[in-house]
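Peer 1: These are the residues of each chain, in order.
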Amino acid sequence: MIKTRRLNADGIAAFSGWLESPTGNIPPSDLLNGDALTEFFGDFEIDEAREFESRLEFGSYLNEQFDGADFNGLMSPDSDGLWVWLAVVYFKQLAPAKIRRAEHYVVMRKGSAGSLAYRHAVRTPYELVRIHGQNAQLCLKSPMHTFGDMTEQLASRQTIAHNRGFFQTAYDLYIADGKLKRGASSKPKKPKDRKPGDMAGLGSVRRLAIALQRLDLTYDTEVMQSGLMKAVLPKEFRKYKGGD
Amino acid sequence: MARLSARSNPTGLKEIDRSRVSISVSESAGRRTFILERLDLKDTGLADNLRVVVLARAGNTNVRHEMGATYSLAHESRSLDGLDRSQPLRFRILLHGENDPKLIASIENLRPRDDAQSESLLPMEPAELGQRIWKLDINEDGPVLQFNSVVFPSAAGAENFVPFGALVLPEALRQVMEWIAGDPGCLVDKGDPRSSWAGWLDAVGAERPPEDGDDNEAVTTWCNQVVDRFCGRFGFATQLQADLLKGAGND
Numbered sequence: 027m028i029k030t031r032r033l034n035a036d037g038i039a040a041f042s043g044w045l046e047s048p049t050g051n052i053p054p055s056d057l058l059n060g061d062a063l064t065e066f067f068g069d070f071e072i073d074e075a076r077e078f079e080s081r082l083e084f085g086s087y088l089n090e091q092f093d094g095a096d097f098n099g100l101m102s103p104d105s106d107g108l109w110v111w112l113a114v115v116y117f118k119q120l121a122p123a124k125i126r127r128a129e130h131y132v133v134m135r136k137g138s139a140g141s142l143a144y145r146h147a148v149r150t151p152y153e154l155v156r157i158h159g160q161n162a163q164l165c166l167k168s169p170m171h172t173f174g175d176m177t178e179q180l181a182s183r184q185t186i187a188h189n190r191g192f193f194q195t196a197y198d199l200y201i202a203d204g205k206l207k208r209g210a211s212s213k214p215k216k217p218k219d220r221k222p223g224d225m226a227g228l229g230s231v232r233r234l235a236i237a238l239q240r241l242d243l244t245y246d247t248e249v250m251q252s253g254l255m256k257a258v259l260p261k262e263f264r265k266y267k268g269g270d
Numbered sequence: 591m592a593r594l595s596a597r598s599n600p601t602g603l604k605e606i607d608r609s610r611v612s613i614s615v616s617e618s619a620g621r622r623t624f625i626l627e628r629l630d631l632k633d634t635g636l637a638d639n640l641r642v643v644v645l646a647r648a649g650n651t652n653v654r655h656e657m658g659a660t661y662s663l664a665h666e667s668r669s670l671d672g673l674d675r676s677q678p679l680r681f682r683i684l685l686h687g688e689n690d691p692k693l694i695a696s697i698e699n700l701r702p703r704d705d706a707q708s709e710s711l712l713p714m715e716p717a718e719l720g721q722r723i724w725k726l727d728i729n730e731d732g733p734v735l736q737f738n739s740v741v742f743p744s745a746a747g748a749e750n751f752v753p754f755g756a757l758v759l760p761e762a763l764r765q766v767m768e769w770i771a772g773d774p775g776c777l778v779d780k781g782d783p784r785s786s787w788a789g790w791l792d793a794v795g796a797e798r799p800p801e802d803g804d805d806n807e808a809v810t811t812w813c814n815q816v817v818d819r820f821c822g823r824f825g826f827a828t829q830l831q832a833d834l835l836k837g838a839g840n841d
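Going line by line, the protein sequences match chains A and B.
In this text, residue positions in the first sequence follow the working numbering: the first is 27, and each later residue adds one.
In this text, residue positions in the second sequence follow the working numbering: the first is 591, and each later residue adds one.
Note that these hints are calculated values from the structure, not bench results.
Computed from a predicted structure; not experimentally measured.
Just so it is clear, CB atoms sit at the ideal spot from N, CA and C, and this is done for glycine as well.
Some hints could be false.
What the hints assert, rightly or not - Covered, in the sense of this in silico footprint (three residues per stretch, anywhere, with C-beta under 8 angstroms from a C-beta of chain B), are these stretches of chain A:
#1 96 to 103
#2 178 to 184
#3 239 to 247
Said to hold, decoys possible - Listed next, the in silico DSSO-like pairs over lysine-lysine satisfying Cα-Cα at most 30 angstroms (straight line):
#4 A:Lys167 to A:Lys221
#5 A:Lys261 to B:Lys632
#6 A:Lys136 to B:Lys692
#7 A:Lys218 to B:Lys604
#8 B:Lys692 to A:Lys267
#9 B:Lys692 to B:Lys632
#10 A:Lys267 to A:Lys221
#11 B:Lys604 to A:Lys261
#12 A:Lys167 to A:Lys29
#13 B:Lys632 to A:Lys256
#14 A:Lys218 to A:Lys261
#15 A:Lys265 to B:Lys692
#16 A:Lys261 to A:Lys216
#17 A:Lys136 to A:Lys207
#18 A:Lys136 to A:Lys218
#19 B:Lys836 to B:Lys780
#20 A:Lys261 to A:Lys215
#21 A:Lys216 to B:Lys632
#22 B:Lys632 to B:Lys604
#23 B:Lys725 to A:Lys256
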């Protein structure tokens, strides 16, 4: 076990530079514990050698280790260095073969289309498990090195990512025996491209995200319980409701 | 092609006029906070025990604050930490019963109070834009002209800097006109944020956009005509020339 640290501004810059031109399979050790680039963060410990089967397991573990920590504080820019440091610690599992774009390892709050913080490989698993518990498996069943289209669809907008009723509803609709139901993540065709009777993609989780945006106009959806949310969903979701 | 308005109100939601609300935003030590200064529900017929929620959003980020009941609203400052600072900041106020999430009333698309330009068609807002000086952000709520908050301390500072007005505003306006020309019917759809530009076009004596929004040549010609009228009205070339001569006289 090791005490948690965070990268300082120089450390984040050094890691970002290394990601652009990596000199090996893992980041240099001074990004892990060098006093010039890192500093201790809080009074927490992590097992740097532990391996995780999925991002869900990873997020659950981090929630155990950060039990009692101020959630808003950990999500604030002041804690960005912690998440980047954790990405350094578990880099071998997060990028076993290929290094992805920098925002998967460095918290990037600016992008051409807005904040990219939701793509962070450590911060988002912690955040989603903290908010949704096991319902977060909708996004986090993937292996450590995989971000996944479902995460892109659901975590990219905070109105969805933080909505407990939505994740509970999505879990109820699309997860059976711990697996995603067939067609749940299908991409629906645009109305102009859809032939009469073509129902492909309708009722999928992408459509649920659109339904939430519509419900948002008439309900305070952040305090809406899953039961009510399911009750007012359009007919296209019936096939996933099962015994309802 | 003209767009059909799809507005309906199946739940009887009451829309409260924005003029009844005032929200101010301040910044200290790099942290932004807001205060719900005023929420005037007099003569609206709404109960005085509704729950009030303020949602602040910027781009794909948002924060939520419970402000208490309508009869005992919280007026202390609340944090805006976590919002994307490169995107325009907007507020939404929701009112609903104690244990019922169905909205009774809402106030949408609120901007923080800015006495200088509270009803501007093209609001200007500071943003963290890196090395970029300005950017026109167009979303479902309408256009916002963002200026680099490091270069200009306020909207007035940017507007009063003659080169900014002369060089930036015409191009920003041209982009807004392209946005309008893409759906000419939007000007008569009261539910569309672009409809508020109809009166402005009339005021500057500009024609309405071409009926065929896909006719690129006609759209370009129309946009340029509108920009010419706008520049003529404000005499940007004359202003800039005078400003440059003034600078030369000081050499």
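Peer 1: Please flag the earlier hints that this structure goes against, numbers listed from lowest up.
Peer 2: 4, 5, 6, 7, 13, 17, 18, 19, 21, 23
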